[in-house]
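*Asks:* Each chain, letter by letter, is given below.
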Amino acid sequence: MLNIQPRIESSKAMVWCSPLIAIILTMLVSSLMFILLDVRPQQAFEVFVIMPLSDSYNLGELMVKAAPLMLCATGLAICFRANIWNIGAEGQLLIGAVVSSYFAVQAGEDAGISSIMLILLSGMLAGAFWAAIPTALERFFKTNIILSTIMLNYIGLYTLLWAVHGPLADPQGYGFPESAMFAEAVMLPLIQEEGRASVSILIAIFIALITGLVLFKTLPGFIVRVYGEEQAAARYAGFSSNKVVWGVMLFAGALAGFAGSAEVMGPIGQLIPSVSPGYGYAAIIVAYLGRLNPFGIIISSLFMGCLYMGSDLAQIELGLPTAITGLFQGVLLFFMLACDFLINYKISFTSKKVFSKPLKATLINNI
Amino acid sequence: MTALIEQGLILPMAKSSLLELWNVSKIFPGVIANDNVNMSLNEGEILALLGENGAGKSTLVKMIYGVNKPDTGAIFWHNREVNIDSPNQARAMGIGMVFQHFSVFETLTVQENIELGLDKEFVDQLSDLRQEIVEISKKYDLHVDPDRYVHSLSIGERQRVEILRCLIQNVKLLILDEPTSVLTPHEVSGLFRVLKKLASEGSSVLFISHKLKEVTELCDRAVILRGGVVTGECIPAQETPESIARMMVGSETELSENYPKKRSEESIFTTTYLTLLPTNPFGCGLTDVSLTLRKGEILGIAGVAGNGQEDLLAALSGEDTRADKANIVFAGKEIGKLNAGARRKLGMAYVPADRLGQGAVPEMTLTNNTLLTNTTALIKNGFILGSKLKALANEIIVDNKVKCHNQSSQAKSLSGGNLQKFIIGREVQQAPIVLICAHPTWGVDIGAASAIHRQLIALRDQGAAILIVSEDIDELFVVCDRLTALYEGRLSHIVETEKTNIEEIGKWIAGGFIQQKEVDHA
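Sequence lines, in order, name chains A and B. Per the working numbering, the very first residue in the first sequence carries number 1; after that it's consecutive. Per the working numbering, the very first residue in the second sequence carries number 1; after that it's consecutive.
Next up, chain A with everything else stripped away, as it sits in the complex (with noise of 0.2 Å):
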């Protein structure tokens, strides 16, 4: 017989299996989906595990995959940590690097290590801001964060397409929905002879780094941990509410805005409207799989980013779709939020009892 309890304290070990669990399932999932499409999972599972990890070239548009996810999954994890629902992390990224695209294309091959700086800086701002509109919104007005960061990204996207086609596109690109390309100067260092991987990668894992410490070493860490576990709590300490949900959202915002600004300056070059993937989305995924904790999501990101590579190549050796990423980030997401359910409760098989019936004891009135 199946029999669930829950547990007496959170199991720890639970935090961390959870996401393997969750991968090994996934694998097994797929695996039946790929005996559907004909596909050997052997062979499936070498395409997407192992060729991304396999050359350098490889490594690198993994490590190019990665750096936006980290840093928008990392903005996210303190957002959920505090309990607040930014889905916006899309909107902020595309927004970015609108304007961050808005002041390259002016930059000559002149420019210095000070323009790259403002430009990246423009990006973060831009970011911010677009997180900043759903936090006075909530905060003035009591509207729902989930609902008006998902509008927004949506108002982001449109945007970008405006600004391709109209006030950003190339005037000698014959009309095509892109801007012009960059002035080599203003373009982010790469960190390999060949390939795209930029330094965003590094200052990626560097900002994790920083954000982990910040969140379980110091006092701002602290409160936002509590925030997000008992409001009531916080108010108790005397911990403003104002200060974090402002404070998360536009670090999350600016992280976001940041990301955007690294892609459009660092592997693409210009503004094109697939400037993301669905990175903002995906890094709602990484940042649960890394348990909202920013030395884990540095491995999740890297982990998603080997699945959005997988699906790359699964299109040039296997023929499959690239829908075939979406699919394994939700079944992935399904399984983990199904696995959390055992850091609470445990679940264990035991056999029907069978209770003997008592004898009759003395009853104390009967004497």
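Note that these hints are calculated values from the structure, not bench results.
DEER-style ranges, computed between Cβ atoms:
1) I210/A - T376/B: 18 to 26 Å
2) A431/B - F295/A: 35 to 43 Å
3) G250/B - I210/A: 48 to 56 Å
Cut-off 30 Å, straight-line C-alpha distance, at most; resulting in silico cross-link-like pairs (DSSO-like, lysine-lysine):
4) K217/A - K390/B
5) K217/A - K412/B
6) K217/A - K403/B
7) K390/B - K243/A
8) K345/B - K243/A
9) K401/B - K217/A
10) K380/B - K12/A
11) K346/A - K62/B
12) K243/A - K325/B
13) K12/A - K403/B
14) K217/A - K380/B
Just so we're clear, the structure is a prediction, and the values are computed from it rather than from any experiment. Virtual Cβ for every residue (Gly too), placed ideally from N, Cα, C.
Start from chain A and add chain B according to the hints.
*Replies:* Chain B alone, transformed into the frame defined by chain A:
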């Protein structure tokens, strides 16, 4: 036993047995709630089930009422073995129960509430529910008006609605879980009259309590539980509250004593004409609350829940900063607009009403919960001083004998009493100038309650000013130097504990001081 029979205190087998429990055990994960409990209850008997928190009283009655099923053992009803599968079945057998937290709908009338709690067939059987309510209400002196809306009723009146709901189904056994903890002394004596009348008509009453005085006054017999085991049985009329308390807590625990009262003149914390609108539709807010708290004294605010305690506590602690700046003054500073953190920095501390979720973060460890109100001392340049924090958490746990696995235990894994010991220890350890303390021993067992009392007295003797809001009048008389009462958001004048008595304060918490104030002014 024979001696008692000779004295005529109990009649041998004159009353037939209504309910018997044989070797009933109930095991929850990690704890044996009831361990081979044997108990019997006769018709027309009022039986007290005594025990500290976590002794297994509630689990036991929940098994009788069909909420839980025993793991082993058997229940006999009228000498026949029964399986009570659900509260519905229990009600059909004639068992009624009034829970500690009432299950009434505030937006409905009394009659609608009673009707909702009854089986449909039963309601169809009745010719006129309204008439029935009026008759039973009259018969037992319950003063329940079927047409009133429940939100307009006091807690005592709501409880009478719950009792009436049981009576209307002709209960043979009425179970009451700590019924007096929310009542004024006047309401308590009213309740006892009803219960005695019920017993005289042959119904049995199972009365759960940890208030020994009441048990002595009301009950024919008492069964004492400790750690899930029946540790004794007695005739309360032949015992003193002290001797029963011993049976409940065992021999090792220190009990509360009489503490000398203190007087002082130097005021440290005042509110003047503090008036706030209620924060929820059924609250009452605060009206012209003026009080002065002096150094080295304990001021007690008595009152029944729902008379503005929550609003008052939030305003005093700084969780609610709606008050005007000058309404609240602490050590010469106007602090009405400061939040709880800023007030704590000035030297105030606060033990809130809600332990889990306000006073402590349930999912966090005791170490992190220590940091919650110690951020000033344990943070340097923004960084948490890890080893100092661990040492302090450990000190609080050890000094206050908090029972827990270790300091990495989550707050939610502690029992209510242990968590309260931890929270009070954490606040007292800061050596505050003013401590605001809500319901210090609510739901805490006698042993822990005495420890908490001693701690508060020690803090007072160090010169701190302490304000206690409590529903437990007996407790306030034990620890407080001066007393006042809160009724519908208004505060009575403050009186020295030695110059008043329970009857007077009892009248005040029912609003008796309002006319008196008017007379005083006239």
